[in-house]
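Asker: These are the residues of each chain, in order.
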Amino acid sequence: MQRIDSAATEEFLLRISFLFAGAFALAEGLQNWIRGRVETHPEVVLIILIMYVVAFANFGIGMSNVRVVKKLRHLPLAALIGIILASAYVITEVEFYGAYRSDSLAFTHYAAALVLKGVNPYGRDLQDALRIFAVDPEFITLMPSGNLMTILNYPALSFLVFAPAVACGVRDMRVVIFLFEIVALVSVYWWAPAGIRAAVLLPVFAGSDLVISFSAGSIGDFIWLVPMILMFISIKKPWLAGVFYGAGCAIKQTPWLLAPFLLVWIYHESTKSWRRDRLARAAIFAGTAAFAFLLPNLMFIYQDLPHWWEGVVAPSFGNLVILSQGLSMVSELGYVPLPPQFYSITFMAVFATLIFNYAVYFDKLKHVIWVMPMITLWFSYRGLQNYFIFWIPMLVASAIYIYRERTSA
Amino acid sequence: MSCQRWLRKLAAPLSIIVCVCIILGAYSQEYGHGYAAPPLLNTTFKYWTLVPGTNETKPYLWQVDFIKGPNDHLWVSQDTVDGVSVLGMHVYQDGLNDTYDWAMVHVRQDLRGKAASEVFQNDIGIWVYPTFVYHPDPISNNPLNAFGVEVNDGTHITWFIFSPGEPVVYQFKLHRIIIIPTPLNQWSYREINIRARYQETDWPAPGSFSFILITGATKPDPGSYGAYFKSVEVTHHSMLATQLSHDTWSMPLCAYLSRKK
Numbered sequence: 046m047q048r049i050d051s052a053a054t055e056e057f058l059l060r061i062s063f064l065f066a067g068a069f070a071l072a073e074g075l076q077n078w079i080r081g082r083v084e085t086h087p088e089v090v091l092i093i094l095i096m097y098v099v100a101f102a103n104f105g106i107g108m109s110n111v112r113v114v115k116k117l118r119h120l121p122l123a124a125l126i127g128i129i130l131a132s133a134y135v136i137t138e139v140e141f142y143g144a145y146r147s148d149s150l151a152f153t154h155y156a157a158a159l160v161l162k163g164v165n166p167y168g169r170d171l172q173d174a175l176r177i178f179a180v181d182p183e184f185i186t187l188m189p190s191g192n193l194m195t196i197l198n199y200p201a202l203s204f205l206v207f208a209p210a211v212a213c214g215v216r217d218m219r220v221v222i223f224l225f226e227i228v229a230l231v232s233v234y235w236w237a238p239a240g241i242r243a244a245v246l247l248p249v250f251a252g253s254d255l256v257i258s259f260s261a262g263s264i265g266d267f268i269w270l271v272p273m274i275l276m277f278i279s280i281k282k283p284w285l286a287g288v289f290y291g292a293g294c295a296i297k298q299t300p301w302l303l304a305p306f307l308l309v310w311i312y313h314e315s316t317k318s319w320r321r322d323r324l325a326r327a328a329i330f331a332g333t334a335a336f337a338f339l340l341p342n343l344m345f346i347y348q349d350l351p352h353w354w355e356g357v358v359a360p361s362f363g364n365l366v367i368l369s370q371g372l373s374m375v376s377e378l379g380y381v382p383l384p385p386q387f388y389s390i391t392f393m394a395v396f397a398t399l400i401f402n403y404a405v406y407f408d409k410l411k412h413v414i415w416v417m418p419m420i421t422l423w424f425s426y427r428g429l430q431n432y433f434i435f436w437i438p439m440l441v442a443s444a445i446y447i448y449r450e451r452t453s454a
Numbered sequence: 002m003s004c005q006r007w008l009r010k011l012a013a014p015l016s017i018i019v020c021v022c023i024i025l026g027a028y029s030q031e032y033g034h035g036y037a038a039p040p041l042l043n044t045t046f047k048y049w050t051l052v053p054g055t056n057e058t059k060p061y062l063w064q065v066d067f068i069k070g071p072n073d074h075l076w077v078s079q080d081t082v083d084g085v086s087v088l089g090m091h092v093y094q095d096g097l098n099d100t101y102d103w104a105m106v107h108v109r110q111d112l113r114g115k116a117a118s119e120v121f122q123n124d125i126g127i128w129v130y131p132t133f134v135y136h137p138d139p140i141s142n143n144p145l146n147a148f149g150v151e152v153n154d155g156t157h158i159t160w161f162i163f164s165p166g167e168p169v170v171y172q173f174k175l176h177r178i179i180i181i182p183t184p185l186n187q188w189s190y191r192e193i194n195i196r197a198r199y200q201e202t203d204w205p206a207p208g209s210f211s212f213i214l215i216t217g218a219t220k221p222d223p224g225s226y227g228a229y230f231k232s233v234e235v236t237h238h239s240m241l242a243t244q245l246s247h248d249t250w251s252m253p254l255c256a257y258l259s260r261k262k
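Heads up: the protein sequence lines correspond to chains A and B, in order.
Counting from 1 along the first sequence, just add 45 to a position and that's the residue number in the working numbering.
Counting from 1 along the second sequence, just add 1 to a position and that's the residue number in the working numbering.
Misleading hints may appear alongside valid ones.
No more than 25 Å apart at the CA atoms, straight line, and that leaves these computed lysine-lysine pairs for BS3-like [what the hints assert, rightly or not]:
no., chain 1, residue 1, chain 2, residue 2
1, B, 59, B, 69
2, A, 409, A, 281
3, A, 411, B, 10
4, B, 231, B, 59
5, A, 409, B, 231
6, A, 282, A, 411
Hints listed in this document are in silico derivations from the structure and should not be mistaken for laboratory results.
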């Protein structure tokens, strides 16, 4: 069997990354032509023309001689970021101008504005935010009573992260989300060794949902993803990893599910050390994570613990209508008559089983860690696409980690 | 060591078996209890959206209809009463002899299937704030003004009217008006049960109907009217007179009268 030449492989991956960026530019060029109301928006016409030029340039360079390809090795990343920003502009400024497409961003933006005025947003009825940010009614969250969910449902960093932008007069917080998205993508890209960098972004750009549609549609999950990526990059330093993990948990509840798996990882990571040292590492991680989580929340806990609890912890245990792309879809659509309680029990049983097996078979399942919350949430009565899709950058980071382990060995 | 190896071999299948057993247990326990989407939506009248083609706003997921003559004036608004954001329904009846007898606002949700049967069978709890007294015509008993809930199944109309006074029922051929005593200018919680009222008249249970909040006045009763709804909720417990002794007004009228005797 012929052995793979690493220089030739690197060159091949580079060429593929150029072709990929070109193909993505073509695809998004067409999408922007469809959604960009080109008859009345000349700037969108210009954007589309540039996107086609970018596509042809990437194809051309990707097929050029090796010297040019290597010299311009970072061009695909720059092109992909440019495409994200171009499509983001078309969606946020033309297709859905001035309108958020999720209530969560409306509430967190409004909460940031309230905090800057010295008002505690927990426990307050934030329904004004739905009107101010013209939230698309399709994306408003309903409770089983038929009432609309109009209280803040996230930990404090979810809105504190917007406070500087609000204070500076930024009117659309999707700008902040895209800023975090670019930081996340560049972090993963730069953490990858040079030889494989060209390939690492491909899974993230498989479809435009993750990198364009969700952020432009006001889903702010890239904000918690940045500290999660930084946590993973620094996982060999439990105190630092703990700080980043705690910060991620202080933004949204989704990363909470990782806690037991991460503790198992930190405990097992150093196989050569004594049990006491391992426990100490896990304790340091847990301690700094708790500290980083509590720090931004502390003032609100102190001011009004019951409302903070109602807003941050209670939503994790239900009181919303079934809405799912996961298993519970069969009940939401009336095919299998099962209530949310069934899915809550299933969720807990699956979660416990996965933790147990991860602890027992850590040597085999170590890097499956990011799939665990996906599987668990798939059994939840609210299994939305963003609960699954935003783990993809973490899976890419894990693939880089494995590559680094292999090559250093 | 070999014991540990065996344990390691058994851990996965055993844990999966336990997990599957728990799920099957939950399945057998919960199967058939079904998931019912909330039958009435936006029950506290939040998030006011623009009505297409007008500058008017309405509570999200509710439909608003205006029935009026040329110079009558009707509007709904998100008002604040006692510090709470509520649905305000306002009517100005000019009293002129125009085509329509009524100047009336309807704020409605059309219900069918599961949602209709949920609302039909269960108690509906409503917070209301009436500001005017119900007037029937002294001779014909026809209503001259109204604040309450209309249940309209396309054939039969039932009105639950919130007004001070005695609990009275006015029965017309296809229209029934039930007065639920409610004090003026304060918030009151009232429960209604549509099924119980239908049973009293032997009207067949409807497969679909409109659940309508109404405020209106007729030409003989001109002037300005305003009234408020804070919330509407399906309380999910079938009404039995004996269970509801704490609130006599939520009973079927016959039960109330027999108790009074």
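Asker: Just pull the numbers of the violated hints for me, sorted ascending.
Answerer: 5
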